Amino acid sequence: MIVKRNELTWFERLYLPALIGGLKVTSRHFLNTLTTKTPVTQQYPEEPTKVLPGYRGAPYLVRDQDGATKCVSCQLCEFVCPPKAIRITPPGPTGKPADRTNAEKMPEEFEINMLRCIFCGLCQEVCPEEAIFLKSDFSLTGLARSEMIYDKEKLLALGGTHPGIQKWKHKLDEAKEQETFPVKV
Amino acid sequence: MAWLDSLSPQTQFVFFTLLKIACVLGPLLTLVAYAVLAERKVSALIQDRVGPNRVNLPLIGSIPVLGPFLTKLGFWHPLVDGVKSFIKEDFTPAHVRKIYFWLAPAISLVPAFLVIAVIPFGSTLGAQKMVIADLNVGILYTFGIVSLGVYGIVLAGYAANSKFPFLGGIRASAQMISYEIAMGMSVIPVFLVVGDLNLGKIIEHQAQNGWNVLPIFGGGFSAQSLLLIPCGVISFLIFFISALAETNRLPFDMAESESELVSGYHTEYSSMKFGMFFIGEYANMFAGAAMMTTLFLGGWTLPFLGLDVAPADGEWWKGLLHIGIFMAKMLGFMFTFIWIRWMLPRFRYDQLMDLGWRRMIPLALANIILTAAVLALTNR
Ligand code: SF4
Ligand code: SF4
Numbered sequence: 001m002i003v004k005r006n007e008l009t010w011f012e013r014l015y016l017p018a019l020i021g022g023l024k025v026t027s028r029h030f031l032n033t034l035t036t037k038t039p040v041t042q043q044y045p046e047e048p049t050k051v052l053p054g055y056r057g058a059p060y061l062v063r064d065q066d067g068a069t070k071c072v073s074c075q076l077c078e079f080v081c082p083p084k085a086i087r088i089t090p091p092g093p094t095g096k097p098a099d100r101t102n103a104e105k106m107p108e109e110f111e112i113n114m115l116r117c118i119f120c121g122l123c124q125e126v127c128p129e130e131a132i133f134l135k136s137d138f139s140l141t142g143l144a145r146s147e148m149i150y151d152k153e154k155l156l157a158l159g160g161t162h163p164g165i166q167k168w169k170h171k172l173d174e175a176k177e178q179e180t181f182p183v184k185v
Numbered sequence: 001m002a003w004l005d006s007l008s009p010q011t012q013f014v015f016f017t018l019l020k021i022a023c024v025l026g027p028l029l030t031l032v033a034y035a036v037l038a039e040r041k042v043s044a045l046i047q048d049r050v051g052p053n054r055v056n057l058p059l060i061g062s063i064p065v066l067g068p069f070l071t072k073l074g075f076w077h078p079l080v081d082g083v084k085s086f087i088k089e090d091f092t093p094a095h096v097r098k099i100y101f102w103l104a105p106a107i108s109l110v111p112a113f114l115v116i117a118v119i120p121f122g123s124t125l126g127a128q129k130m131v132i133a134d135l136n137v138g139i140l141y142t143f144g145i146v147s148l149g150v151y152g153i154v155l156a157g158y159a160a161n162s163k164f165p166f167l168g169g170i171r172a173s174a175q176m177i178s179y180e181i182a183m184g185m186s187v188i189p190v191f192l193v194v195g196d197l198n199l200g201k202i203i204e205h206q207a208q209n210g211w212n213v214l215p216i217f218g219g220g221f222s223a224q225s226l227l228l229i230p231c232g233v234i235s236f237l238i239f240f241i242s243a244l245a246e247t248n249r250l251p252f253d254m255a256e257s258e259s260e261l262v263s264g265y266h267t268e269y270s271s272m273k274f275g276m277f278f279i280g281e282y283a284n285m286f287a288g289a290a291m292m293t294t295l296f297l298g299g300w301t302l303p304f305l306g307l308d309v310a311p312a313d314g315e316w317w318k319g320l321l322h323i324g325i326f327m328a329k330m331l332g333f334m335f336t337f338i339w340i341r342w343m344l345p346r347f348r349y350d351q352l353m354d355l356g357w358r359r360m361i362p363l364a365l366a367n368i369i370l371t372a373a374v375l376a377l378t379n380r
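First to last, the protein sequences are chains C and R. Residue numbering for the first sequence follows this note's numbering, beginning at 1 and increasing consecutively. Residue numbering for the second sequence follows this note's numbering, beginning at 1 and increasing consecutively.
Rather than coming from a laboratory, the hints here were simulated on the basis of the structure. Watch out, some of these pointers could steer you wrong.
Below, a list of computed lysine-lysine pairs in the BS3-like style, where the Cα atoms sit at most 27 Å apart [to be verified]:
#: 1; chain 1: C; residue 1: Lys105; chain 2: C; residue 2: Lys135
#: 2; chain 1: C; residue 1: Lys50; chain 2: R; residue 2: Lys72
#: 3; chain 1: R; residue 1: Lys88; chain 2: R; residue 2: Lys318
#: 4; chain 1: C; residue 1: Lys84; chain 2: C; residue 2: Lys96
#: 5; chain 1: C; residue 1: Lys96; chain 2: C; residue 2: Lys176
#: 6; chain 1: C; residue 1: Lys37; chain 2: R; residue 2: Lys129
Just so it is clear, the structure is predicted and the values come from calculations on it, not from any experiment.
I would like the entire structure built from these sequences, with the hints used as guidance.
This is the structure in structure tokens:
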């Protein structure tokens, strides 16, 4: 598109119309803000920010409805994490068994370094168990770097329960159903 | 006050001068601090924001209505800003030219204060004239001092030894030199009309013959005062625009222009050295506002209620009122400065020079001739 540039008239070149227009706009805003008291500023710590759905805040681990750890320590998220913020210690052959049925294992330790995390959401994307979610927390603070490495306990506590699907639940039901072998008509 | 009368006249003079210096510098620095706050608040209001409203002092903050109100007003921010700029690390980069680096902030600060010395900020209090130095060459002195102000900026740009400050310094020198010419020429009509360089005399003249910017205001209608209106308005406008340029205010803040030159000439400065540039800039604005008040708006006078003559003996309240009038006019100018800053975008550099050399200097010259012609025709 070609924008036609009109020659300025001599009056416009005096700079006065622009000046008067500017004076009008600024004084209108000045008086409006002064009298009707509706500034656009959000006074942050007093007025909490509204976090919209889909916001990518801090990644936390979640439990299922039965309070069991959902993570199965598959380490996919550790692998995919671009800044390598996640460090998982798997239980090994002698470790604690998973606290839910139909899961082979659960992580012995699960750490996310919130200083490294870039809140990209890839861990949530990649997790086959829907065990890790980016929640709405955005202001993470600590007095030391070590405080910013969140361990499994903390992540689970902060994540809470995720009342979503329990992926293996119906598999279990299916398996049980198969044992009784009902004849479906 | 018997001990005062027992002193010799010279000692009395020294005593009162020192007293006046203290009484001017203290409020001036306070005003500078609050001008910064005003700048922030006005900009906030113009941009539909809230502005500084956080600092709360322990004791005063707990007074029911007043404390929260002052906090909301940002009243304590200048205090905290001052403390902050003192306790911040004063970092001197390794590559700077040390002597000039240290010298520049002082040089940019001092001229602004020196200008204030000749401004009559009130009529009289008791037997004392409310001006620190009642010079007969008041305006010449002012122009001499004001032109020193550019050295601070140029030196800062040179001393920093890096490109952005250097560019800022170069711009500032070219800009201030060009606009000083226009500024100097714009006051010549005032001299022509008044016939004196003493700022006190200029105010006296305006009290009798009307304000220089609008001679019918206070001077009554006569052929001369009517004909002098365009002259007064033109020289006032040129002076005002040049004052904006001289104090490096938007739309002429070429030396700083933070969107192009990081922070211009004071990019490498921190802590109180930066603070001194800051104070210098605002003190310069006050000096400019005071000059405009004195030269064009009749200084401490108002052309009604008998406020245009120096108070008689014992009318000390009138003396105070005169100081108040002067302050009100000056603060009005300050508000305009601030307002303009948040209204106009920065000029391009060539436009700035074009405006200075090809518009304002010829206009100022023409205005001198016009004024002279009017004065000659109306027989003075
Ligand atoms: S959000 Fe991204 S950076 Fe943060 S832990 Fe998950 S994968 Fe790593
Ligand atoms: S959070 Fe998900 S992806 Fe990461 S180890 Fe656990 S199950 Fe695997």
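To see whether the hints hold, each was checked on the structure:
Taking the CA atoms of Lys105(C) and Lys135(C), the gap is near 24 Å; set against the 27 Å cutoff, the hint holds. Taking the CA atoms of Lys50(C) and Lys72(R), the gap is near 24 Å; set against the 27 Å cutoff, the hint holds. For the suggested pair Lys88(R) and Lys318(R), the alpha carbons sit about 44 Å apart, so the restraint of at most 27 Å is broken. Under the criterion of a C-alpha separation no larger than 27 Å, the hint pairing Lys84(C) with Lys96(C) is consistent with the structure, at around 25 Å.
Taken as a hint, the Lys96(C) and Lys176(C) pair is honoured in the structure, with Cα atoms around 25 Å apart against an allowance of 27 Å. A hinted pair counts as satisfied when its Cα atoms are at most 27 Å apart, and Lys37(C) with Lys129(R) does not qualify at roughly 45 Å.
Of the hints listed earlier, those the structure fails to meet are numbers 3 and 6, in rising order.
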